[in-house]
Amino acid sequence: MPEDIKLKEKYQELQESFEDLQLYFEQFTTFLPIAVCSITPIGVIISINKFFQELTDYNEMEIVGRPVETLFLEKEQGKMLTREVIDGEVVEKELNLINKKGEKIPVTVSASLRKDKEENILGYFLAIIEIVRFKKFQEELEKRLKEKTKELEDRTKALENSRGGLLNILEDMEESKNKEEEEKNKTLAIITNFADGLLVFDEHSKLSLINSQAENFFNVTAKETCERSIPELIKFPNLSLLINLLIDVSQKEENKEDKKNDQSKFEIREIFRRELLIKDDLVLEVSSIPLLKDDKKTGALVVIHDITREKMIEVMKTEFVSLAAHQLRTPLSAIKWTLKILLDGDLGELNSEQRDFIEKTYKSNERMIDLINSLLDVARIEEGRYLYKPVLTEIEPIIQFVVNSYKDEVANKKINFEYLKPKEKMPKVLVDVEKIRLVIQNFIENAINYTPAGGQVTISLKHDKKEIELIIKDSGVGIPKDQQARVFTKFFRAANVMRLETTGTGLGLFISKNIVEAHQGRIWFESEEKKGTTFHFALPIKTEFDEFITGF
Amino acid sequence: MSENISLKQEADRLLKIPGNVKGVVFQTHYKYILYRTGEEGVKTVEAKLEELGHPLKFKEIKSWLWYSEGLDVLIFLILKDIFNWDDSDIFDMGTSAPKYSFIVGTLLKTFISPKKFFEETPKYWEKHYSFGQMEALEINEDQKYATVRIKDYNFHPISCIYFKGYFTRIGQFIIKTNNFQVEEKKCVHRGDTYHEFLLTWE
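Here the protein sequences line up with chains S and W, keeping their order. All residue numbers for the first sequence refer to our numbering, where the first residue is 421 and numbers rise by one. All residue numbers for the second sequence refer to our numbering, where the first residue is 500 and numbers rise by one.
Quick caveat, the hints were computed from the structure, so don't treat them as lab data. In this text, all values refer to a predicted model and were calculated from it rather than measured experimentally. A couple of the hints might just be wrong.
Straight line, CA to CA, 30 Å or less: simulated BS3-like cross-link-like pairs of lysine-lysine [stated by the list, open to error]:
1) Lys615/W x Lys535/S
2) Lys428/S x Lys561/W
3) Lys428/S x Lys622/W
Use the sequences and the hints to build the structure in full.
Structure (C-alpha cells):
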C-alpha cells in the first residue's frame, strides 16, 4: 500500500476517533446534571452544556460569546470571578443567577482553571449548581426563625403584660381583701355591739358566731359555745331553752335514738318573734331566719330581742285593762238590767219613741259588755289565765249550733249561706267547747258582716289522719294584701272594712288564734280584696286515750 | 420561476468552482438552520438542494471530510431564497458559527492573547479550507486593530458577509469589548485581488 494512502487512512482513523471523542464529550456534557460552561481567559462564555441551557433558559446562540457576568445579579462579583480564577484562587461562591426570563436563581459557582501543557492559561470551566431548594429551605428556616422569634417576643410581651395585669389583679385583690377585712371588722363591731343578741349557725347547724349580748342573755361565752353542734349546745342550761325552741321537738326525739348523734340531722327552723322566758326578769323574743346563698341554705341567723321591759309594761297594761274592765263590767251590768226592766215594762209602759231609744241604748250597752268581755279574754290570754276545759267531742254539733244562731241574720242580709256537712262521720277532737264555739262564731260573724247582700258564705269540714279542718269561705270585701300580715294582731281592723262597718272590736281574730293555738291547732287564711276571704283552722284529732292522758 | 432558474444556474456555477471545505462548517450551518427554522426548515433546505441537483443530508456530514465550498456558499443563497433572509441573517449566521463549533473549544489555546490567535489564524484556515489562504497581515494591540487577508477565494459576495460575522464573534472571544467591528476593506468582487478585513475594537 502506497505511503500516502496509508497516511490518508491513518488520518481518517484519527478523524473518526476525534469525532467519536466529540460525540462522547457531547453525550457526557449532556448527561452531566450540573450546568457547566467554558470561559475564555477574558471571561467570555464560549460553550455551554445542556443542563446549563435548562437552568438559564439560554441556548448557545443566545449566551455564547457574552461575558460571564451577564449570568449573575452581582455583576462586579461576576467580573471578579474571572480575575480570581486566572490569579489561581480557589473560587467557590454563592451568587444569584439571572435566567433569560429575569428570574433570580440562587446558585453556587465553582471554577476550574484550564491550562495547556506549557502551563498557559486557556480559560476555565465554571460549574453552576442550583441551590434553590437549599436556599428556599434556608429562607424558610430563617423565616420560621424570625416568626418564632417574633412569637417569643410577643409571648414575652404578653407575659410581661400578663404579669402587669396579674400584679394589678393582686393589688386589687389585696385592696378587696383589706376592704373585706374592714367590712368584716365593721360587721363584727356591729354584731358585737348590737343591742340584740345574735347567733349564727352554719350549714351543719354548728354555732359559728355568738355576740356579747347573746352571751349575756344565756350566760355563756363564745369560746365555750362556738363550733359546737346542737347536741353539745343543748347541754348548756340556759341555751337549751333556746335550742328547744329552734329545733322541732320531733327532730330531737328522732335523734335521741341516733347513737352517732349526727348534728346534720338537726335543722334550725324558721321562727318569728317567739317569746322565750329565761327567768322571771328576762323575757326574750326569738326570730330565726335561714341564710341563703344562690337559693341554697348556708346556715341560720337567730336574733334575740330583750322584751322584758315590754312584757312588764304589757302585764301592767293588761292588769290595768283587766282591772278597768272588771270595774266597768259591774256598772254596765247594772245598766243592762235597769234597761231590761224598762223594756219589759216593769216600770210602766213605754211609748214607741221611748222604746226605740231604750232599745238602742240596750244594744250599745250590750256591745260595750261584749267589748269588755273580749278585753277580759285578751287580758286572761296575755296573763296566761285563759283557762281551757278540754273534752273529747264531735265538732259538728258545735258548728251546727253556731250556724243556727245566725239563721235570722243571714236571712235578713239576704246572703246565700251554706253549711256543707260531711257525708262521713268525723273523728272526735279534744276541745274546750265554749272557746271553739267562740272561734267559729268569730269566723261566721266576720263572713256575714263583710259579705254584701246576695253574696255567698260557705262552711265546710274535712279531715285527714291527723287533723280536722274547718273552712269558712265568703265572697266578701277581702283583706288588702298589705294588711294581711297583721290580721291576727290585737285591735286590727282592715281599712276597707272600717269604711263599711264601724262596729267591731278588732279582737276576735286575735282571740281565735290564741284559742286555736292553745288547742295545738293551726289557723290561716287566703284573701283577695273584692273577691273574698277563706279562713281555715285545723284541730288535732284525739283519741279516748289522749283524753285520759290529758286528764292527768 | 425565473429566480429558480437563476438560482439553479448560480448553483451550477458555484459547484463548478474548485475548492473544498471541511464538513464541520456544514455542521455549524445545520445547527443554525435548525435553531432558526427547526427540522422542517432543515428539510426544506435539503429539498431545495436536491431540487437544484446538489443533494446533501446534513446529518450524514462528517466533520473531517471535504465538501465543495460551492455547496457551502449555495446554502447561503438558498436560505435567502426560501426564507427571505437578508445579509444581516447571513452575518448572524457567521457570528453564530463559532458558538456551535466543537473545534472552537479545542482552539482555546489560541485564545490566550490576540497576538497568539492572530498568529495561529493562517493555520486554522489551512485546516478547514483546501484552497486559498488566510494571511494575518498586521496586529496592533495598542492601536486596537488587525488586518486579515483572504486570498484566492472567489465564490460569491455573500461569503464576505458570513466571514465578517465569523471574525466578529471570534474577536469577541479574544478581546473583551462591547464594540468589535469588522470592515471589508478590499474584496475581489469589487475588483480587488484579495479580500482584506480590518478588525477594530475599543
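Hints, one by one, checked against the model:
{"no.": "1", "hint": "Lys615/W x Lys535/S", "in the structure": "15 Å, holds"}
{"no.": "2", "hint": "Lys428/S x Lys561/W", "in the structure": "15 Å, holds"}
{"no.": "3", "hint": "Lys428/S x Lys622/W", "in the structure": "19 Å, holds"}
Of the numbered hints stated above, none is contradicted by the structure.
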